[in-house]
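Keeping their order, the protein sequence lines are chains A and B.
When the first sequence is numbered by my numbering, its final residue is 230 and no position is left out of the sequence of numbers.
When the second sequence is numbered by my numbering, its final residue is 1225 and no position is left out of the sequence of numbers.
The set of hints was computed from the structure by calculation and includes no laboratory data.
Keep in mind that the hints are not guaranteed to be accurate.
Claimed, not checked - Here are a few chain A residues that face chain B, going by a calculated C-beta distance under 7 Å: (1) THR59; (2) LEU84; (3) ILE135; (4) ASP138; (5) ILE140; (6) ASP141; (7) PHE144; (8) SER146; (9) LEU157; (10) ASP160.
Claimed, not checked - Straight-line Cα separation of at most 27 Å, DSS-like style, residue types lysine-lysine; simulated pairs: (11) A:LYS119 - B:LYS1061; (12) B:LYS1158 - A:LYS107; (13) A:LYS107 - B:LYS1022; (14) A:LYS17 - B:LYS1022; (15) A:LYS31 - A:LYS208; (16) B:LYS1158 - A:LYS27; (17) B:LYS1158 - B:LYS1103; (18) A:LYS66 - A:LYS55; (19) B:LYS1017 - A:LYS17; (20) B:LYS1022 - A:LYS119; (21) A:LYS119 - B:LYS1102; (22) B:LYS1012 - A:LYS107.
As the list claims (entries may be wrong) - Label pairs and their in silico Cβ distance ranges: (23) B:GLY1160 - A:VAL28: 37 to 47 Å; (24) A:GLY201 - B:PHE1187: 16 to 26 Å; (25) A:ILE170 - B:ALA1101: 32 to 42 Å; (26) A:ILE111 - B:ARG1129: 39 to 49 Å; (27) A:GLN41 - B:ILE1039: 23 to 33 Å; (28) B:ALA1166 - A:ALA87: 38 to 48 Å.
Beta carbons: idealized from backbone N, C-alpha and C, even for Gly.
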Amino acid sequence: MAISPHNPPLNASFNPKAFLGQAGPGKVLIKCKKKEDIFIQGDVAETIFYIQKGKVKVTVLSEQGKEAVVGILAQGQFFGEGCLDGAKLRTSTTRAMEECLLTSITKAMMIATLETEPKFSAYFMAYLLSRNSRIEDDLIDQLFNSSERRLARLLLLLADFGKEGGAQPIPVTISQEILADMIGTTRSRVSFFMNKFRKKGFISYNGKIEVHRSLLDAVLRDKPQIKEDE
Amino acid sequence: MPKAAKGSFDPKDFLAKVGEGKVILKFDKNQVVFSQGDIADTVFYIQKGKIKVFVVSEQGKEAVVGIMEPGQFFGEGCLNGHPVRISTTVAMEECLITSIAKKAMLATIQSEPKFAELFMAYLLSRNSRIEEDLIDQLFNSSERRLARLLLLLANFGKEGAPQPIAAHISQETLAEMIGTTRSRVSFFMNKFRKLGFITYNGTIEVHSSLLNAVLYDKPEIKRDE
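Turn these sequences into a full structure, and let the hints guide you.
This is the structure in structure tokens:
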């Protein structure tokens, strides 16, 4: 099936996932190795990326060399979409956390497809809405909560608690440095809280972090073990 | 890529008028548009005025997530499947708002590419702003966060001359926007005034010296707590 975005037939059979899964005009498939940089803060911004497989870490570096993790993006999510909002340069650095399969789409192709394919535009808009909610939640979390509670919430999110289906929580394989950068605290604080969570039976770890349902209970029911304010 | 059939559709015009699933509402200063926990089934578009968006924690602590201006939307979380409002929105001055039913919103996004484009541009810019606010929280001291917020509120970085910040943005609101206490805000405001970065009587006038202090990372405003 030829996709011809410049000649919109009100294509009812247009499949956004199939479109994103294949190379084509303005689209390239890219394989990244673990720890490989995809783009670096300050690079020229002219492509949008879609994650087919793997996880990507988005970090920002301050002038003082302090690092903050703005997000960890997974399969089905986009990144680099800031260029659609007029950003000329990348405002963050993105790095593959494991082997990744990405689709890189030129800004021009992205704009053209958004314009001509309502299904693609609906798909991308759904992503933007959910990404907005997540960043907003992260911001509210920063404004309200202690670093201990922020760590508990982050672990629950990384272990996929709260997703539908009541599936088994997945083990978390992220370093304490990255956890610290994600909640804006130091590695030693994270290490201290992780130890505390382990002693209380909220988590267990050897290599991977296993998050137990008791951590969710402690956060939700606001048990005094996890204090709300600093 | 001209599309003759849709060429005449004007999204701004569409947003300004009453129609199927669309109502124009007037709000007085301090009037609540919706409250945290309300059923979420409409999206709002600001024609005139400013709207404060805030969240209340179980402990009764308030955090301001944003101050929305003409041309911006709010309440779009319902499109993302939120059944209830996760924030409270209140008019900061007299506001003229278009309320659009979720169904009408989704239908128009689908049938009118120009409308979809306008809404997406809003989402992308909102996305960048929240991300910047989050980075600000992760990196900066409350003093620097206050300085940045004042510069943003006074329109620095946008085209045209900087504007005084209206009196209705109280020190409480400033404190809730950067996640600190009113007394800290009051302390820093005094300091900024003494350093000549701002002046205030009723409205707050922000001077470009504040921008210089933030950009060039002068020791007057410390970066880390």
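The hints, checked one at a time:
1. THR59: Cβ of THR59 of chain A sits 10 Å from chain B, so the hint is violated.
2. LEU84: 5 Å, holds
3. ILE135: 5 Å, holds
4. ASP138: 6 Å, holds
5. ILE140: 5 Å, holds
6. ASP141: 9 Å, violated
7. PHE144: Interface hint status for PHE144 of chain A: holds (5 Å vs cutoff 7 Å).
8. SER146: With Cβ-Cβ at 12 Å, over 7 Å, it is violated.
9. LEU157: Nearest chain B Cβ about 15 Å off; hint violated.
10. ASP160: 17 Å, violated
11. A:LYS119 - B:LYS1061: Judged against 27 Å, a Cα distance of about 41 Å means the pair is violated.
12. B:LYS1158 - A:LYS107: 24 Å, holds
13. A:LYS107 - B:LYS1022: Not satisfied, since the Cα-Cα distance of roughly 33 Å exceeds 27 Å.
14. A:LYS17 - B:LYS1022: 33 Å, violated
15. A:LYS31 - A:LYS208: Roughly 25 Å separates the two Cα atoms, so the pair holds.
16. B:LYS1158 - A:LYS27: Answer violated: LYS1158 of chain B to LYS27 of chain A is near 34 Å, above 27 Å.
17. B:LYS1158 - B:LYS1103: 34 Å, violated
18. A:LYS66 - A:LYS55: 22 Å, holds
19. B:LYS1017 - A:LYS17: 36 Å, violated
20. B:LYS1022 - A:LYS119: With Cα atoms ~24 Å apart, LYS1022 of chain B and LYS119 of chain A stay inside 27 Å; holds.
21. A:LYS119 - B:LYS1102: 18 Å, holds
22. B:LYS1012 - A:LYS107: Holds - the C-alpha atoms of LYS107 of chain A and LYS1012 of chain B are around 25 Å apart, at most 27 Å.
23. B:GLY1160 - A:VAL28: 37 to 47 Å: 41 Å, holds
24. A:GLY201 - B:PHE1187: 16 to 26 Å: 43 Å, violated
25. A:ILE170 - B:ALA1101: 32 to 42 Å: 38 Å, holds
26. A:ILE111 - B:ARG1129: 39 to 49 Å: This hint is violated: roughly 21 Å between Cβ atoms.
27. A:GLN41 - B:ILE1039: 23 to 33 Å: The hint (23 to 33 Å, Cβ to Cβ) is violated, given that GLN41 of chain A and ILE1039 of chain B are roughly 42 Å apart.
28. B:ALA1166 - A:ALA87: 38 to 48 Å: With Cβ atoms ~29 Å apart, the hint is violated.
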